[in-house]
Each structure stands twice: as C-alpha cells, then as structure tokens.
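Hey, can you piece these two chains together into the complex? The hints should help.
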Amino acid sequence: MDLLAGLKQEPVTMMDLSDYCTADIGATVQEVLNQMQAHHCRHVLITKEGKLAGIFTDRDVLLKVADNKDALGQPISELMTPEPWTLSKAATAADALALMARHHIRNVPIVEEDRSIVGNFTHLSVLRFLAEQFPDISIGSYPVYPRRFSRRRHGG
Amino acid sequence: MATEIKLTRKDFMSDQTVRWCPGCGDYAILATVQKTLPRLGIPKEKFVFVSGIGCSSRFPYYMDTYGIHSIHGRAPTLATGIKLSNPDLSVWVITGDGDALSIGGNHILHAGRRNVDLNILLFNNRIYGLTKGQLSPTSPVGTRTKSSPYGSIERPLYPVEVALASGATFVARTIDVLQKDMGEIMYQAALHKGLAFIEIMQNCVIFNNGAWFDYSDRSKRAENDLFLEPGKPMVFGKNKDKGLVLDEEQGGFRVVEIGDEYSIEDIVIHDPTSLENAFLLSQLTYPMPLGIIYQVTKPTYCEGMWGQIQQVKAQKGEGNLRELYYSADTWEVVAEEEEIKAEVKGTVEASLDEAYIDEVLGTEPVQVDLAEQLAGLTLHDLNPKPPITINPSALMDHALSLMKEHNIGALLVVSPDRHLMGIITEADVVDRIAGQDIDLHQVTVGEFMTKEPIGLPLYASVLEAVHFMTQRRFRHLPVVDENLHPVGVLSSRDLVEFLIKHL
Chain A
1 MDLLAGLKQE
11 PVTMMDLSDY
21 CTADIGATVQ
31 EVLNQMQAHH
41 CRHVLITKEG
51 KLAGIFTDRD
61 VLLKVADNKD
71 ALGQPISELM
81 TPEPWTLSKA
91 ATAADALALM
101 ARHHIRNVPI
111 VEEDRSIVGN
121 FTHLSVLRFL
131 AEQFPDISIG
141 SYPVYPRRFS
151 RRRHGG
Chain B
1001 MATEIKLTRK
1011 DFMSDQTVRW
1021 CPGCGDYAIL
1031 ATVQKTLPRL
1041 GIPKEKFVFV
1051 SGIGCSSRFP
1061 YYMDTYGIHS
1071 IHGRAPTLAT
1081 GIKLSNPDLS
1091 VWVITGDGDA
1101 LSIGGNHILH
1111 AGRRNVDLNI
1121 LLFNNRIYGL
1131 TKGQLSPTSP
1141 VGTRTKSSPY
1151 GSIERPLYPV
1161 EVALASGATF
1171 VARTIDVLQK
1181 DMGEIMYQAA
1191 LHKGLAFIEI
1201 MQNCVIFNNG
1211 AWFDYSDRSK
1221 RAENDLFLEP
1231 GKPMVFGKNK
1241 DKGLVLDEEQ
1251 GGFRVVEIGD
1261 EYSIEDIVIH
1271 DPTSLENAFL
1281 LSQLTYPMPL
1291 GIIYQVTKPT
1301 YCEGMWGQIQ
1311 QVKAQKGEGN
1321 LRELYYSADT
1331 WEVVAEEEEI
1341 KAEVKGTVEA
1351 SLDEAYIDEV
1361 LGTEPVQVDL
1371 AEQLAGLTLH
1381 DLNPKPPITI
1391 NPSALMDHAL
1401 SLMKEHNIGA
1411 LLVVSPDRHL
1421 MGIITEADVV
1431 DRIAGQDIDL
1441 HQVTVGEFMT
1451 KEPIGLPLYA
1461 SVLEAVHFMT
1471 QRRFRHLPVV
1481 DENLHPVGVL
1491 SSRDLVEFLI
1501 KHL
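Order-wise, the sequence lines are chains A and B.
Under the working numbering, the first residue of the first sequence is numbered 1, with each subsequent residue one higher.
Under the working numbering, the first residue of the second sequence is numbered 1001, with each subsequent residue one higher.
By construction, these hints were calculated from the structure, which means they are not laboratory data.
Incorrect hints may appear among the rest.
[Stated by the list, open to error] Derived EDC-like pairs (lysine to aspartate or glutamate); straight-line CA-CA distance at most 16 Å: (1) B:LYS1046 <-> B:ASP1064; (2) B:LYS1240 <-> B:ASP1266; (3) A:LYS64 <-> B:GLU1405; (4) A:LYS69 <-> B:ASP1439; (5) B:LYS1240 <-> B:GLU1265; (6) A:LYS64 <-> B:ASP1397; (7) A:LYS89 <-> A:ASP16; (8) A:LYS69 <-> B:GLU1405; (9) B:LYS1404 <-> A:ASP67; (10) A:LYS69 <-> B:ASP1397; (11) A:LYS51 <-> A:GLU10; (12) B:LYS1006 <-> B:GLU1045.
[To be verified] Between beta-carbon pairs, the in silico distance windows are: (13) B:LEU1324 <-> A:HIS39: 51 to 57 Å; (14) B:VAL1334 <-> A:ILE25: 47 to 53 Å; (15) A:HIS104 <-> B:SER1085: 52 to 58 Å; (16) B:GLY1081 <-> A:GLU10: 31 to 37 Å; (17) B:LEU1377 <-> A:HIS104: 19 to 25 Å; (18) A:LYS51 <-> B:HIS1419: 32 to 38 Å; (19) B:HIS1485 <-> A:HIS104: 28 to 34 Å; (20) A:HIS39 <-> B:VAL1334: 43 to 49 Å; (21) A:ALA90 <-> B:GLU1318: 54 to 60 Å; (22) B:VAL1334 <-> A:PRO11: 39 to 45 Å.
Just so you know, even glycine gets a beta-carbon here, dropped at the ideal spot from N, CA and C.
Same shape as in the complex, but just chain B (with noise of 0.2 Å):
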C-alpha cells in the first residue's frame, strides 16, 4: 500500500555548517544517523529530533528535518509531548552524559519510567565539553578536571545502569568508531515500539580526549569489547576464547578463558530479555558489553494515553474544558448573619432602614470568598466603561462641556490613529483650570492634558488598579489594548460599585 520512499542520507543532511571540533565523535554519529534515517522508509516530514543543550545538542541544526534545540534536560519530557500530540511521529532525543543525566536527571527517568516510544541518544564523553571540561556525572573516580583539580571522589553513573532502572524497554550501548554497529542498533531502536534508549560512547577530542580508548583503539578493542548477539554465547577476545560465566557466589559475571576448564557450554547465552541479565551486563567495563543488551515489550505511554481517552470518550461523550474549567471547587463560607445584622441596625446614624440594608448586603449565604475572588479578577472582568475621548487639539471648552454632558470626571486623548496621548481629569481642572486666567475658548486640551499616562491592559489584576488608585492616588485609569488603543476607563467608583454588589 505504502509507495516506497526512496531517500537518501543527503536527503537528510542540512545546510548548516558543522561546528563541533574538528576529531569530534560527534560527526561519526551524525553520519549514522542520517544513513539508518532512509532505511526506515519514513517520510522526511515525520521525524523530529529534540535535543537539550551541550556540544551534542546542536544536533538538530544539522538534520534536515523537523527538530528543537530545547531547555537543558528538558529534551525527553518535550519529546514526551510532541509523541504525545502526534504519535505518528518518529521521535529523537539528542542529549549528552551532562544533559541527560545531570540537569536532567530526573526528566530522562520519567521517560522511561512511561516507556514513551522515542528514540533517545546519550552522546557520553565523561565530561562538559561545552563549558571546556568540567567533571560530568559519567566520569570515572578519579577524573582531574577544572572543577576536580585532584581527581573525582563521585561514584559516576552508568547510563545503560540508569535507564534499566528507569523502565527503558530497548537498552543499547554502542561506541562512535564503529558505525556499523551503531547504524543497525539505531535501526533496530526505531523499528522498537516504546523507550529506546542507546547510550553512545564518544570521544571528546579536546577535554577528555582518550575517554574510552580501551574500547575504541583499534589494537584494544578485540580483546575489550564484548558484542552481544542474542541466543548467542557472551564470548569476545580476538580468538573468542573468553567468555562469561556466571560467578554464583561474588553474584555477577565472571570472565573466563574458553579451554580446559571451561567450554563454550558453560558460557552464558545472551538473553535481551532478562532484566537480571542486563543489570549484570551493565555493571562491567571489562569487557565492556556492546549491542542490544536489553529489550522486551511493552505498553507504551501514548498507547496507555489514547487508549484512556478513547475509553472515557466512549463512555462519558466528548469532554468539554469550559465545564471542567469551571467545575473547580467551591465552599460556602458561613456568614455570621444574624451577628452582623444587629451591629448594623444599631449603630447606622443616617437614616438607614432594615428593608434597604437586607437589600444592599442580601441575605443569601456567600458562595465564595470575596478577597479570594478579588485577587483573581481582571480588569475586563469588571467591564469597564467604554471612555468618552477627545482630540488633543480640541478647545478646553469643549473638554468641560463633554465632562459635564456626561457627568464624568476624565476624558481620554487620543490622537486620529486612536492611540492614547493623554487624561484629562477633574483634578486637572480644579489644579489647572479653575480660578485660573485662561480662555477656555484658546486653549487646547493638549496643553492641559497629563501626557502619557499609564494605561493597563485588559488582563491587568484588579489589584493592580487598586493599587494605582491608592498608591498615585488616580481615580481614573486608562484601559488599552495591545495597539495603545484605549478601550475604557476604569473608575475608583467602578471598584467601589463592584465591591457594593457583592456585599
């Protein structure tokens, strides 16, 4: 049914230059990447890859495919997301042995934890390259850095160790040197429904050159490196004359010489899908396991996720969030009514009857707390008067006539776009005008105008306003839009009134 996608690693290769340094494993990996991409027969448009922040994670710069350069650590939950939204999509988390496991420790464990189906890719050279070499949680006891003039005391952590323990249902570890390796664990961590996590080991040519030179020099790595075939023996050595044994007294792995005493039979078989079995195998660094070491199946989270919303769907109808919105809770406070009452009763001089004071303060329990209700309100949730404006060259006179035909203490100034220029205000008038000797016929409203005053926007707090009010003593504030375009005037007597209606 499919058409066949034909693409190739050009197709994935951006127009961006390459800025790690010039030796960096970086470059090994990215080549993988964007030669296992095309074999997936996936369209360029669904892959996405996120990445948090570290040399590793200028990776996306360099895919010419959807991809975010994201928050430090953040990288697997923001993956988590964009999987969630579009399970459609193939998703790559690029981080580092700092990014991943430092800064976002905690993210990369939820991850796996849900086994959210990603892909993610631990670039570890045991060190901060970025910030030109400080101790990384990866690096050995030991390690003299800046930031460990006399050698690590930490215990580092074992990527593969971490992400079994997260819940990963794909567990690899591959090395940057050897590209074929890492292409077909690449592959096969796609094509893995749920968490794939393959730690990468990479040289950092400049602060922690050598790193895993055990594992990747070419004379070493025969007689140091185990590659893991599954339902095959764990054997390595260049004549394959080692092998593991399990050590049922020291509880681990045991390495033999394949001979006299021990024969290919008693060497263990590599099972991917023994949790005790990886464990052991993530434990060594002699000789240091390589491949698949882990993988089962599992339900994912969107799986999890879709299938929930489905069966809620199915039996409560489509959610509606205004509802939820507002089906948060509500307590009644109980009113000390009768209480209250007679203090009013007996102490109003006026002339205040009982009939008006149930009126204004009701009688009906209150539903909310008031302060409570306050603290949450906008200014558009007390809808403010719509502003009665004039022209900044327009004559005082007409300003006064204006005032008074509408009873109002402040007009707006705008200037012919609509912005807002000025207030003019009955303060004004009584500083400025009145007493004063001025023709009101000669004079404009800009020259009496105050220039620039301080417009809130419509989502401002109500406190806010108070706290104008009673701070700059304003009894009347601009309301604007996101253009400067007034939209009202919001009145002390607008809050007074507010507060009247809920008494």
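If we strip away everything but chain A, and leave its shape as in the complex, we get (with noise of 0.2 Å):
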C-alpha cells in the first residue's frame, strides 16, 4: 500500500463526507445552534435556495458567539464565512489536503458546478481514510499508562 499515491489518486467523492449538516442562510444564530447541539454537529454548511453560500464551525461559535448573547438574534448570515474555499466532485483527497494547507482551514466543502452541496471534506475525512489503509490498528497494542476513558461522547 502506498499512502501518497493514495491521497493523490482518492477521489474526494470516495472519502467520508458526512462531517457537516446544513442550516438555511434565513436562520438566526440561536437556530443553527440549536441545530448543531441537536446533532452534535461542529460544521454547518449554509446554504441560499440549496446552494453553498456560508460555512459556520464551532470555531465562529467559541470565538463570537459564546461569550456575547446579542449575537443569538443575529441571522448567520451576519457571523457566518461567506464563500468559502470548496472543490468540485473530481477533485482527489490530495487537492483538498492542499488546500486544506494553502488556507489554513478545516473544511472544504465539495460542491457540484452548480454549487450544490455534495458533502464536507474534513480533518475526521482524512483521518478516516487513514483508518482505512490499517484496519487492524487496536487499541491496548502498547501498555497505555493513564487507561481512561471517558463516559461521555465529548472527550475532547
């Protein structure tokens, strides 16, 4: 197996692209959060008449939401990132990691010419396919020290 002609030859299409949901651009921030929290959501994909228009991460949350309650009544489209960095379906894994690099996000949504939302492709994309290429990675393979876990789905 070989990682790097992997990435380079993995469409995106192929890969785990379910690491968003979507909210309408009409929506008050109170009302995504709400989705998010609903669905343990980090990622939501804004969309004008089912077209990619925004993008809203948790990230917008921490840093304009959280602290400052006027913004709740606010509609996203206000605190969201208008027209974000996507691909289109041909694009390989390798395209979205660069640019991925090149832009410093998180998320590149994969879109399709007409801006329809095909899917989100993002750090846990990645990390499933890497997953993938070792299926018989385990747990307990080495002595861990601090033997955990947490009960919660939120760990970290």
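Given below as structure tokens:
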C-alpha cells in the first residue's frame, strides 16, 4: 500500500464527507446553534436556495457567540464565513489537503457545478481514510498508562 | 598473586528453608555443590546459579550466591547471556529431565552446540515431580504414570547422548548416592573450559521412588555401576571381574567376564577424548557408566564472541549503535509523477496554480512508504504542542478568553499538582455554554469540563491517536507523561498537517 499515491488518486467523493449539517441562510444564530447541539455537529454549511452560501463552525461559536448573547438573535448570514473555498467532485484527497494547508482551513465543502452540496471534506475525512489503511489498528497494542475512558461522547 | 580465599560449605548455605520432600535426592546434590564450590578458590560473588522450572530448579534459593529462578527450559539461554556479558563468572545451570529435555529441549542443544562455558547439572529422576508425577522424556518404556496409565510407549532420551550429540565438550554422569564421586566430577566440570554437562541420576522419593535402585542400592551398585577412569580398562563388578570389549559384529560394547577367555588386556581402555567411545557408553544401561564420559578442549563461545568483537573493533573502530539503528534498508518508491500532476491540474476547481501544487506536493521522489512510516511513529515524533492549561476552579469566562487568545479548540484542566483532571473544548462550548442562560463569571471550568479524559503517553503510536479521533470523534487528545502530567495536546490538525508535509 502506498499511502501517498492513495491520497493522490483517491477521489474526494470516495471519502467520508459526512462531517457537517446544513442550515438555511435565513436562520438565526440561535436556530443554527440549536441544530448543532441537537446533532452534535461542528460544521454547518449554510445554504441559500439549496446552494452553498457560507460556512459556520464551532470555532465561530467560540469566537463570536459564546460570550456574546446579543449575537443569538442575529441572522446567521452576519456571522458565517461567506463563499468558502470549495472543490469539485473531481478533486482528489491530495487536492483537498493542499487547499487546507494553503488557506489554513478545516473544512473544504465539495460542491457540484451549480454549487449544490456534495459533502464536506474535514480532518475527520482524512483520519477516517487513514484508519481504513490500517484496518488492524487496535487499542492496547502498548501499555497505555492512564487507561481512562470518558463516559461521555464529547471527550475532547 | 591471588589472595587465598577460604570459604566453607556454610558460606554457600542460604537462610531459606529447603522445600524438597524429605528423602529427596536433591538434598545430596545441594550439599555436594556447597561442599565443592569452596575448593575452587573462586570468590562467592562470582558464582551464579540459573535454574528453570521444576523441583530441582528451586536450587538457587538455597545457595547463598547470585541466582535466578528463571523461565521453564530457558535457563541455558539465560546463562549464556550472563556468561557472555561477564565471562569472569562461574555460571551453573540447574535443570531437570523435563525442564532440560522437554520444555527446554531446544535451549540445551544450542548451549552445547556453542560450547558456552557453563556447568549444567541435570537432575534426572525420570518423572515430573513438581506437577505430581507425569511421564518425563527420560521415563523408560512401560513407565506407568498419571499421564501414561497403561505404560509409556515412548523411547526415552538419554541425557548423556543428547549432550554428546549437541557438542558439549565435557559430559559426565553421576548419581545422588555417591557424593564423593559427584563432588569430584563437579570439581572437574568447574575447571573445564567449555560446556560441562553432568547428568545426575536422582531419586524422587514420592513419585518415582527407586527409579535408579539397580544403580544406587548398596547391594547392587557394585555389580551394575561402571566407574570410569581415564586410561584404565573399563572393568566393573564386586571383584572387578567383568569388563567391556568391543563387539565388532554388533557394533557396540559387550560385557565379558575376565577369566579364561578374556584377560584384562582385552578390556577396552577408557579414553574420554574419544567421541565414539563416549557414544557407545551413552547407550549402555548395564553396566551404567559413571564418571567423566567425554572431555575435550575446544574454543568456547565467549572466546569466539569476544575475539570477534576485538578483531572487528581493531578493523573498524568502536561501533555506534545509533548509526547501526538508522542504517536500515531504505528503498525508493517510484511515484508516477507525471500522471498524477496531470490529474491534479485537470481536476482542481478552486484556483490552485501549478506552481503551488508542486510546492505542496513536492517533486522529489518519495523515499519511504508513508504508511510504513506512520505505522512506526509515536506521538513523540509528531512533537505535540505544549498544552494550554487551566485550573478547575477558574471561571469559564477566563477559559473562553484563553481559547480565543491562543486560537485553540481545547484547554487541559489540571490540578494544582499538575495532574490531568479534564479537558474543555469548543465542542463543550457549543453544546453547553453558547446560547444557554449562563453567567460566565459565575461558573467554573470544573463544572463544564469533560472529566478524566483519555490521556495518551508520548510513546503511544500515531495510529492509536487516529483510532481515538475517528472512533470517538475526538479532535484533541491530551498527551501525558508517566505521572499523568500533561505534556502536550495532539489535535487532528497536527495529524493532517503531518500528512500534508509529506505529500
């Protein structure tokens, strides 16, 4: 297995692009936040008439919303990042990684030519691809010292 | 030059209670060893006794010397290591018929083959005693035990035969009841350079009592035991009226009576340097040859190994382990560069110019398979960022400011004594802080953190981190040292950036 060649040949559409949820551009920040909480979702692709218009992530929540209650009533279009960098379905994993590195971004939405959403390429997509290359990864192959497991899903 | 060392048997007796059955032949062997060692003039601290598993292998406890009660069958191997690293030591292996010939059958062979300068004492009671009486590899055909209720159908091994075949350079046999002879053989074995192997016929009073009765009983042993003396004819019997002659037709020794037909002149002279003679003796059971069966001088393993090291050092200088370690084979994976570039060029929608792609993807040939490299990496290799930490009693307001200030998604919550207590991440902020009716100046980090998060040690593999991040969807993993003190945070970004760097 050659991982590099794999990344360069793997079409993004073959990867796990499910790390997102969507919200309409007419929603308020509070509504989007509710949706993020309900689905444990960290990246929200904002659509206008079904087409990608912007992106809103947990980092935006941290930076703009968490200690600013006034933001909650605002339309999401005020706080989202408009016109994010995207790639087409024909791109490869390596393309997406290069784009991430270049712009220091964590999300690369994959879109059709008409900008309707195909999926969202994130760190999780990359790591899942990696994990598939090593199907025999198993916990406990070394003596972990603090053998502690979080009882909650949101460990970190 | 050497100062006279006067030790006595007492010096070799430890304070441990001897836990062999009353009447066990092992007591006699222990006493003989303790009496023989002082004769050697070697300081106490130069003796090491290594044993495997079994009744006999409790021996090192009872000797007031260095010793290891080691792994089943592996005593010769352990002893080889000891002798090799410190050739000054007098290393003794204590083993039994099961330990040496069954479980450690392979290990004993290689000690002999290499002619390691060890003294191996094999206590042969022809039974598994410690496990309460099962068939051993030296049990004779027909032996009824708990594991062979209708009698053994297996040809037994003769320890002397095995030792000779493996290449031991000193092979002897003795019996527990003859302490004086045993002591002398041990003494000779200790002086011998190379592998000295002594089979000691030993009585197991509980599970195989009388196994050697014909050779140990006072009334019988004179008739059945052949006491070997180098350069002397092999005669035996109460009146020394029987002896061994070579039977050319049968191809072995034959017992004859010395009298009219055969004179003492016809009896074969014992030549311990003759391997043929030794092999013929090893197959005899009547009479039972006792004494030094075979002894020759050959280069020992330690001499060879140390000689070779000196020789190579003289040629090449001192070695460098680090260099050696990093000199492993590398090979080039020929990337199909042209093709891939074309593909990249044709597919990118966002404005990725070619120069940039080259910059990121690189044009040099790939040296090592990245997958293989990844599989061998630890968190340490990724050099995780030092953690930004916060006290559990700090206010959430402060936590948010810290995350914003450093533009990071996770803070490690540590106690005043630097123990990892929790983690607070942007996911917590989204799920439980933002949009809630909470006064950030009133609540503490401790109330909102995820308690007792998974902390991976620095030596955890990168793949392990990948596993946690994909299976449990963590984006940040605390990295801790052996005291549970956090030393870093590994983020999914770190992993992705590592990949990008190698693209």
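These are the hints, each one checked on the structure:
no.	hint	result
1	B:LYS1046 <-> B:ASP1064	holds (11 Å)
2	B:LYS1240 <-> B:ASP1266	holds (14 Å)
3	A:LYS64 <-> B:GLU1405	holds (13 Å)
4	A:LYS69 <-> B:ASP1439	holds (10 Å)
5	B:LYS1240 <-> B:GLU1265	holds (14 Å)
6	A:LYS64 <-> B:ASP1397	holds (14 Å)
7	A:LYS89 <-> A:ASP16	holds (13 Å)
8	A:LYS69 <-> B:GLU1405	violated (19 Å)
9	B:LYS1404 <-> A:ASP67	holds (11 Å)
10	A:LYS69 <-> B:ASP1397	holds (13 Å)
11	A:LYS51 <-> A:GLU10	violated (25 Å)
12	B:LYS1006 <-> B:GLU1045	holds (14 Å)
13	B:LEU1324 <-> A:HIS39: 51 to 57 Å	holds (54 Å)
14	B:VAL1334 <-> A:ILE25: 47 to 53 Å	holds (49 Å)
15	A:HIS104 <-> B:SER1085: 52 to 58 Å	holds (54 Å)
16	B:GLY1081 <-> A:GLU10: 31 to 37 Å	violated (49 Å)
17	B:LEU1377 <-> A:HIS104: 19 to 25 Å	holds (23 Å)
18	A:LYS51 <-> B:HIS1419: 32 to 38 Å	violated (50 Å)
19	B:HIS1485 <-> A:HIS104: 28 to 34 Å	holds (30 Å)
20	A:HIS39 <-> B:VAL1334: 43 to 49 Å	holds (45 Å)
21	A:ALA90 <-> B:GLU1318: 54 to 60 Å	holds (58 Å)
22	B:VAL1334 <-> A:PRO11: 39 to 45 Å	violated (23 Å)
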